Amino acid sequence: MTAHSTLTPATASKSEALTGTVRVPGDKSISHRSFMFGGLAAGETRITGLLEGEDVLRTGDAMKAMGAKIEKSGDEWIIQGTGNGALLEPQGPLDFGNAGTGSRLTMGLVGTYDMTTTFIGDASLQSRPMARVLNPLREMGVQVIDAAPGDRMPLTLRGPKRANPISYRVPMASAQVKSAVLLAALNTPGITTVIEPVMTRDHTEKMLQGFGANLEVETDKDGVRHIRLEGEGKLTGQIIAVPGDPSSAAFPLVAALIVPGSDILIENVLMNPTRTGIIDTLLEMGASIEILNRRDAGGEEVADLRVRHSELKGVTVPPARAPFMIDEYPILAIAAALADGETIMDGLEELRVKESDRLAAVARGLEANGIDCTEGESSLTVRGRPDGKGLGGGTVATHLDHRIAMSFLVLGLAVEKDVTVDDRAIINTSFPEFMDMMRALGAKID
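Quick note, the sequence shown lines up with residues 1 to 446 if you use UniProt numbering.
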């Protein structure tokens with residue numbers, strides 16, 4: 001079982017103006033899917049810009065364990081895939097560490113194969129609910145032959161001789177559940193339909209079409225999406241340039257907004273509209289964010305972002321925006337802590353089941369640093385103090401959650417007293433370059 005047995009703290013201190021140009025690592029969602037679809041497709045897939053964090057590399061290891069050949073050559077990852085329907089039964093458990101996306105999507109991918117697969121992970125991943133993925137897989141004929149209480153890891157799946165195509169209405173806004181069902185459909189005869197009442201990030205649909213899957217999306221008059229995939233088709237290897245991760249870009253972006261005098265450029269950021277809720281919200285708060293050089297990169301829109309220190313004001317974030325920025329609420333809470341007035345965030349129930357109970361972790365971290373906030377069952381209200389005076393001085397429990405660690409280190413750059421997080425090692429799961437990149441901009445983090 002993987003775990004971080006010893007914690008390595010990090011401390012951020014009030015910093016001078018942040019300046020410079022940075023390029024954040026490749027998008028995490030697209031990186032996971034690049035390894036998966038490349039490993040499954042027939043022929044060769046070449047990937048540049050891949051996020052080489054621990055989470056994504058675990059997905060690569062899982063694909064290798066099932067027959068894909070994956071190697072790195074210079075800045076490029078080269079994959080020889082197995083061909084759709086030709087994954088091999090792994091010889092041992094698939095260890096996903098802290099990777100919720102990798103594990104849930106892979107459960108879908110392998111579930112409909114006539115083989116037995118065991119999934120394990122670290123303490124954080126073992127606490128996360130998997131029933132949301134396992135329930136539709138059961139409808140397709142997948143057996144969960146062993147699992148920890150509550151359908152949690154470690155768990156073992158046994159696939160059917162021949163899976164059943166289903167029509168599945170996703171009960172919550174979850175790109176992971178949608179994607180798991182679509183991936184299970186790849187090895188299932190007939191047409192599987194996923195009905196998505198609330199649109200979530202659409203990388204799976206776009207990338208599957210790019211690899212040659214027979215997939216179509218229809219949106220009805222009520223805005224409900226119907227995604228149909230014909231199983232047992234051929235996927236063909238592709239060339240992929242992974243754009244910069246908007247979730248990672250949010251950390252230097254907010255840092256520049258709250259540290260006086262800052263002026264930075266973040267290059268090559270993915271601008272898929274299902275991922276830009278944080279930018280929309282910060283603009284409403286009065287952020288100076290210029291979106292420059294919009295362009296197409298492999299079917300996805302990317303742009304460069306010029307960000308300057310801004311006098312932010314509190315806003316009410318509509319709950320309908322949550323699916324488009326669910327990973328960014330911790331760093332938004334930091335922006336809210338330095339904004340004038342009250343910021344109200346609602347519709348956050350999904351934060352309870354992330355790498356940690358992110359809603360509680362953010363609220364406790366804010367309180368530990370003197371920030372006035374109210375935690376509701378699915379809401380967070382933050383009352384900001386724009387000058388940062390008297391704030392900070394606390395130690396934040398990260399609960400093995402990379403986004404909690406990075407968010408509160410950003411807070412420390414703008415408040416009066418130092419902010420410490422109890423673990424910096426967990427940041428490597430999604431953003432190994434974070435510390436060096438922030439220091440290069442002028443951030444005081446050690």
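No lab work stands behind these hints, which were simulated from the structure alone.
Keep in mind that a hint or two might mislead.
Claimed, not checked - In silico DSS-like links for lysine-lysine, alpha-carbon gap of 30 Å or less:
hint, residue 1, residue 2
1, 221, 69
2, 221, 161
3, 14, 313
4, 72, 221
5, 206, 64
6, 313, 444
7, 69, 161
8, 389, 417
9, 72, 234
10, 64, 221
11, 444, 417
12, 69, 14
13, 64, 161
14, 234, 206
15, 444, 69
16, 234, 69
17, 417, 14
18, 313, 389
19, 221, 206
20, 14, 444
21, 313, 234
As the list claims (entries may be wrong) - Quick list of simulated restraints, FRET-style, between CB atoms:
hint, residue 1, residue 2, range
22, 440, 8, 41 to 51 Å
23, 389, 154, 43 to 53 Å
24, 83, 283, 18 to 28 Å
25, 446, 220, 32 to 42 Å
Because the structure is a prediction, the values reported are computed rather than measured.
Backbone N, C-alpha and C define an ideal beta-carbon position, used for all residues, glycine too.
Hint by hint, here is what the structure shows:
1. Of the supplied pair hints, the one linking residue 221 and residue 69 is violated, its CA atoms being roughly 44 Å apart against a limit of 30 Å.
2. The hinted pair formed by residue 221 and residue 161 fails the criterion: a straight-line CA distance of about 38 Å is larger than 30 Å.
3. For the hint pairing residue 14 with residue 313, the CA-to-CA distance comes to about 21 Å; that is within 30 Å, so the pair holds.
4. Annotation: proposed proximity of residue 72 to residue 221 is violated, straight-line Cα distance about 46 Å (limit 30 Å).
5. Using a Cα cut-off of 30 Å, the hinted pair residue 206 and residue 64 holds, with the two alpha carbons roughly 24 Å apart.
6. Distance restraint check for residue 313 and residue 444: the Cα-Cα separation of roughly 25 Å lies within the 30 Å cut-off, and the hinted pair is therefore satisfied.
7. For a cut-off of 30 Å, the pair hint linking residue 69 to residue 161 stands: about 26 Å separates their Cα positions.
8. For the hint pairing residue 389 with residue 417, the CA-to-CA distance comes to about 8 Å; that is within 30 Å, so the pair holds.
9. A distance of roughly 25 Å separates the Cα atoms of residue 72 and residue 234; the hinted pair therefore holds under the 30 Å criterion.
10. A C-alpha spacing of about 43 Å is found between residue 64 and residue 221, which places the hinted pair above 30 Å, so the restraint is violated.
11. Taken as a hint, the residue 444 and residue 417 pair is honoured in the structure, with Cα atoms around 12 Å apart against an allowance of 30 Å.
12. Between residue 69 and residue 14 the CA atoms are separated by roughly 47 Å; this puts the pair beyond 30 Å, and the hint is violated.
13. At roughly 23 Å between alpha-carbon atoms, residue 64 and residue 161 fall within 30 Å of each other, so this suggested pair holds.
14. Using a Cα cut-off of 30 Å, the hinted pair residue 234 and residue 206 holds, with the two alpha carbons roughly 16 Å apart.
15. Proximity of residue 444 to residue 69 is assessed by CA-CA distance (about 41 Å); at most 30 Å being required, the pair is judged violated.
16. Distance check on the hinted pair: residue 234 and residue 69 sit about 18 Å apart at the alpha-carbon level, within 30 Å; holds.
17. Distance check on the hinted pair: residue 417 and residue 14 sit about 7 Å apart at the alpha-carbon level, within 30 Å; holds.
18. A threshold of 30 Å between alpha carbons decides the hint, and for residue 313 with residue 389 the separation of about 17 Å falls inside it, so the pair holds.
19. For the given pair, residue 221 sits about 22 Å from residue 206 by alpha-carbon distance, which is consistent with the 30 Å threshold.
20. For the proposed pair residue 14 and residue 444, the alpha carbon gap of about 7 Å is at most 30 Å, so the pair holds.
21. Our distance criterion of 30 Å between C-alpha atoms is broken by residue 313 and residue 234, whose separation comes to about 51 Å.
22. In this structure, residue 440 and residue 8 break the distance hint of 41 to 51 Å, their C-beta atoms being roughly 21 Å apart.
23. One distance hint, 43 to 53 Å for the beta-carbon pair residue 389 and residue 154, holds here, with the actual separation near 48 Å.
24. Look at residue 83 against residue 283: about 45 Å separates their beta carbons, and that is not inside 18 to 28 Å.
25. In this structure the supplied range 32 to 42 Å is violated for residue 446 paired with residue 220, their Cβ-Cβ distance being about 54 Å.
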